[in-house]
Amino acid sequence: MSASVPSPVLLETRKLLKQFGEFRAVDHVDFRVQEGEVLALIGSNGAGKTTLVNLISGLLRADAGQIIFRGADVTAQTVHQRIAAGIARSFQLVNLFDQLSALDNVALAIFSRQGKTRKLFSLADADRPVWDEAMAVLHLFRMESKARLSAGGLAQGERKLLDVAIAYALKPRLLFLDEPTSGVSTREKAPIMDTISSVVRSERISAAIIEHDMDVVFSYADRIVAMHQGTILADGTPDEIRRNERVLTTLIGTPETRG
Amino acid sequence: MSTVTTTVALEHRSPVRTLGWAVPALVILLALPFVVDQYQTILLAYGLVMGIAALGFNLLLGYTGLLSFGHSAYFGVGAYTVALMVKYLGVTSMELFLVGAIVACVLVTAVFGIACVRYTRIFFGILTMALSQVLWSLAFKFFWVTGGTDGLRVPTPTLLGLVTGKGDKIAFLATAYYYYVLGVFVICTLVMWVIVSSPFGRALQAIRDNEVRAEFVGIQIRQYRWVAFLVSGVFTGLAGALWVPLNGLTTPDIMHWTFSGEIVFMTVLGGFRSFTGPIIGAIVFNYLKTYAVGYTVYWQLLLGVVLVVLVLSLPTGIVGTAERLWARWRAR
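Protein chains in written order, with this note's numbering: chain A, 1 to 259; chain B, 1 to 332.
Honestly, the hints are just simulated from the structure, not real lab data.
Even for Gly, the Cβ is constructed at its ideal location relative to N, Cα and C.
Mixed in with the good hints there might be a few duds.
[Unchecked claim] Derived coverage of chain A by chain B (criterion: at least 3 residues anywhere in the stretch with Cβ under 8 Å from a Cβ of chain B; other residues may be distant):
id, region
1, 78-87
2, 93-102
3, 117-123
4, 171-178
[As the list claims (entries may be wrong)] Distance windows between CB atoms, simulated:
id, chain 1, residue 1, chain 2, residue 2, range
5, A, 63, B, 126, 28 to 34 Å
6, B, 301, A, 84, 54 to 60 Å
7, A, 99, B, 126, 47 to 53 Å
Starting from the given sequences, assemble the full structure and let the hints guide the process.
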């Protein structure tokens, strides 16, 4: 049913529940991410994908169930603790420090990761290793020419990439990407996904990508998890998902829509 | 290639450019007592003291994005700590006053901060104001300790264990004490500059710009806000301690919320988006208020009109506007 090569489980949710009033956005979900895989979370709007990511990353508190990351229960942990453990995320609606430069945005994540943001009496600008690393991160995301521009002034595609770059700079083991190509033109989608995919795969970071574009999903994911009405509808390789009747009828519609 | 670009980025923010105007400014401040009369020097000392208070206040407003309407409380804690040290302990050393004020402010802001940093925006403002009014009413009602509306007298202190104000008090305030204030002012400005330029300072600005994202780069927002609150309050308290010997008396007025309003006013006047804005604003406001009070009994009305005009036409304050005009002039 799942990936052919069994690799250790990095993250696991057990009967995870989140309710908004009567509505069960995430309904007792058992979800797994293996070490080193690139996973796609698909489903129609309101299926519970973003809520699931919000629960795992700590933006929302679960009403019931457990989140196990690298063998430890992180359900009750703060966002700060989860990031320290190695869970990072980007946002569907780009979430940047718009008044800071692209370089500053990335550098802040590095300062934070190194615990240096607790320092009141040292000059941030004088910390060369951090700025060099920030520049290297931007280079990896092919954005070094934009380093000095304020994040608020970047094009949508660049803002999307910068959002991912910030999360990447936290050196996570598990990276959640909430619709990294939403809001950008079809032409820009492939280059953005190529960039993200090459970074993630070369660093062997596990990634879970929420995505609507089936072309993107089928070409970049090792495994696909389909959600519907707060539950997991199907879980398998791209080929398995392509042939899955329930997925085809509820999510994709016509069989022609394939990559 | 990456190193080259980094170097450019660093040069861009080099402190050398800041020193370019900081050194001449300091020279003027050092030379002024030889040029202007004693009254003007003392007036400037008041301005510098308020500059420290506004600098502290702006760590919250300009850098962390929190509008405190209760900074009179910490100014008052600083001032009353000095007055009570005189009254009950017979202390005369200015250094001990400053240490006492810092300790008292750390204690008060630590407690107030825990309550206040749980909120933001208007809720934060209202809560800081309410807490400051509590201190004001204590100073107002407990007259056997605080002297009530009569306040507490504070004689001229001993500076560095050497200089005393025995004899001509005005000459003491206009020379030795002025330089003492200037010294503390320079240290405070340097320390604050380092703080806002530190990784911590960057984290505060990140919280200001985007709270959610700041949390998701691993910044513990409330803790950072609390530390900023503490530093901010201590700076303002230090200003309160320096202010008492100048004034010779502390009354509950400086704890009242209207005084918090003055701190807000001077910061907005100078420009809360720039580091130097609050300092310039405090010095200008001090002159403005002194002369407005001298000319008309309706000085508050006059300052109110100034504030309305300012917010509507120069939202970036004096410094922000000056920077814009300078940039435009250079671009020609």
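Hints versus structure:
Counting residues of the region 78-87 of chain A whose CB lies closer than 8 Å to any CB of chain B gives 5, so the stated coverage by that chain holds, three being the minimum. By the rule of at least three residues with a Cβ nearer than 8 Å to a Cβ of chain B, the coverage given for the region 93-102 of chain A holds, with 7 such residues. Counting residues of the region 117-123 of chain A whose beta carbon lies closer than 8 Å to any beta carbon of chain B gives 7, which meets the minimum of three for the stated coverage. Taking a C-beta to C-beta cut-off of 8 Å, the region 171-178 of chain A contributes 0 residues in contact with chain B, too few for the three needed, and the coverage statement is violated.
One distance hint, 28 to 34 Å for the beta-carbon pair residue 63(A) and residue 126(B), holds here, with the actual separation near 32 Å. Our hint of 54 to 60 Å for residue 301(B) and residue 84(A) holds, since their Cβ atoms are close to 55 Å apart. Between residue 99(A) and residue 126(B) the beta carbon distance is about 27 Å. The supplied range of 47 to 53 Å is therefore violated.
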